[in-house]
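Asks: Each chain, letter by letter, is given below.
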Amino acid sequence: MKVILEQDKCVASGQCVVAAPAVFDQRDEDGIAVLLDPAPAAESAEDVRHAADVCPALAIQLTE
Amino acid sequence: MTETTSTAAQDTADLPEYPMTRAQGCPFDPPPTLAKQQQEGALAKVRLWDGSTPWLVTRYADQRALLADPRVSADVMRPGYPAGAPVRENTVSFILMDDPEHARLRRMVTARFAVKRIEAMRPRVQRIVDDFLDEMLAGPRPADLVTAFALPVPSLVICELLGVPYADHEFFQDNSKIIINRESGQERQLAALGRLTDYLDRLLGEKLDAPGEDLLSGLAERVDAGELSRREAAQMSVLLLIAGHETTANMIALGTLALLQNPDQLAELRDTEDPAVITGAVEELLRYLHITHDGRRRVALEEIDIAGEVIRPGEGIIFPNDIANRDPGAFPEPDRLDIHRDARHHVAFGFGAHQCLGQPLARMELQIAYATLLRRVPTLRLATEIERVPFKHDGAVYGVYELPVSW
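If you read the protein sequences in the order shown, they are chains D and Y.
Just so you know, the working numbering puts 3 at position 3 of the first sequence, and the rest follows in order with no gaps.
Just so you know, the working numbering puts 314 at position 250 of the second sequence, and the rest follows in order with no gaps.
Because the hints were derived from the structure by calculation, they are not lab data.
Treat the hints with care, since some could be wrong.
[Said to hold, decoys possible] Taking lysine to any residue pairs in the SDA-like style, the calculated list, with each CA pair at most 20 Å apart, reads:
{"no.": "1", "chain 1": "D", "residue 1": "9", "chain 2": "Y", "residue 2": "166"}
{"no.": "2", "chain 1": "Y", "residue 1": "180", "chain 2": "D", "residue 2": "18"}
{"no.": "3", "chain 1": "Y", "residue 1": "180", "chain 2": "D", "residue 2": "22"}
{"no.": "4", "chain 1": "D", "residue 1": "9", "chain 2": "Y", "residue 2": "420"}
{"no.": "5", "chain 1": "D", "residue 1": "9", "chain 2": "Y", "residue 2": "162"}
{"no.": "6", "chain 1": "Y", "residue 1": "241", "chain 2": "Y", "residue 2": "454"}
{"no.": "7", "chain 1": "D", "residue 1": "9", "chain 2": "Y", "residue 2": "100"}
{"no.": "8", "chain 1": "Y", "residue 1": "180", "chain 2": "D", "residue 2": "35"}
{"no.": "9", "chain 1": "D", "residue 1": "9", "chain 2": "Y", "residue 2": "165"}
{"no.": "10", "chain 1": "Y", "residue 1": "109", "chain 2": "Y", "residue 2": "76"}
{"no.": "11", "chain 1": "D", "residue 1": "9", "chain 2": "Y", "residue 2": "76"}
{"no.": "12", "chain 1": "D", "residue 1": "9", "chain 2": "Y", "residue 2": "160"}
{"no.": "13", "chain 1": "D", "residue 1": "9", "chain 2": "Y", "residue 2": "139"}
{"no.": "14", "chain 1": "D", "residue 1": "9", "chain 2": "Y", "residue 2": "109"}
{"no.": "15", "chain 1": "D", "residue 1": "9", "chain 2": "Y", "residue 2": "414"}
{"no.": "16", "chain 1": "Y", "residue 1": "180", "chain 2": "D", "residue 2": "37"}
{"no.": "17", "chain 1": "D", "residue 1": "9", "chain 2": "Y", "residue 2": "79"}
{"no.": "18", "chain 1": "Y", "residue 1": "180", "chain 2": "D", "residue 2": "25"}
{"no.": "19", "chain 1": "Y", "residue 1": "180", "chain 2": "D", "residue 2": "34"}
{"no.": "20", "chain 1": "Y", "residue 1": "180", "chain 2": "D", "residue 2": "64"}
{"no.": "21", "chain 1": "Y", "residue 1": "241", "chain 2": "Y", "residue 2": "256"}
{"no.": "22", "chain 1": "Y", "residue 1": "100", "chain 2": "Y", "residue 2": "79"}
{"no.": "23", "chain 1": "D", "residue 1": "9", "chain 2": "Y", "residue 2": "135"}
Predicted model, so just to flag it, every value in this text is computed and none were measured.
With the sequences and hints as input, model every part of the structure.
Replies: Pasting the structure below:
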């Protein structure tokens, strides 16, 4: 799985950090999401798919 | 010409009014007319207080698609915007603006609500919850859960986060109540908003002179640096103060009532040691109760084809997120409270660029409040009949005015 995060779209809701804390974090200065792992391991895949699904800004794209 | 006009007036007179009324005896369910329109599927039109007839979007998938669509605007000043009451330009906060203005202002406060910053507040919030419970348990029975617990907990938490003196809580709680009550009338609402704005403006002035670590001090610094006008800072502070205590307070009280009406699930939540059960239950209560029941409101910027209809530029659109959270296409058996279901994809915080920025705080407070209340007061019970509980049918935020409980 490959993850693309579009920070320009991010609205800092933090949903991705709750869903997949191993893959997403937030910047200290404004809470905008940061991608920790653009190619997460298989065991994180479900969490990452959930993160992409609940992102209110549609800022997370996945390719399998 | 006259005939056409009267026919059009006739047509709109037949449309259902929005907001709609809940069914008697179903205090947790959205209005039945909303459910009916969702079953019928296509977009519908409704009539507002001013005679305007915006679209109503009821299905979960349609709501998510449109709320995240850049062809849809949240700008309350745009012609066609389906406002719930007359709008005064100088009272508009960033939740009623579009990007880039909205993003510029929102990003000035989002750092404070980042998940890790909020998680770091957990011990302090636990302490606040315990202190108010100590006080309630030491007092007379029955107690009103709203005044003893549900309202003071989030009020004190948001005060500490913003840097607002809790000693002023009666002042800001009373004014917030006027602002979010549909029946207050515009004059009283604007007067209350003016009092709160002046109050926070004064506080910002104090923070400019003697800054602390709180959010208002952060905004005052930005005012000082010329990134933000004093007026914008005061309006943002009002928004955060109201949104920060009213919503969570109503969720605590209404959620407790919903659990008391579902004693098996209450018992499971009370007896669990698994934090995942608590976080899951909070998501389900957010979905099931959906207290912001006035609909998210937008206006179309371009022509949009959706659900077999065409929305034209300048037409208003209302998204009642409460009914989307009851869409069987997204949540099987949606009218059943089930703390074990996966409800995380609910839209109780909205969807799109304007989704609630305080949601990590709300979640954390609710997790601690429900779990601690049930653990420390295991015999908690409703001290009246549910028929006698006063629900906030007239509020922009739904909930209960009081909740007599005993133990």
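Asks: If you test the structure against every hint from before, which numbers come out violated?
Replies: When the structure is compared with the hints, numbers 7, 11, 14, 17, 20 turn out to be violated.
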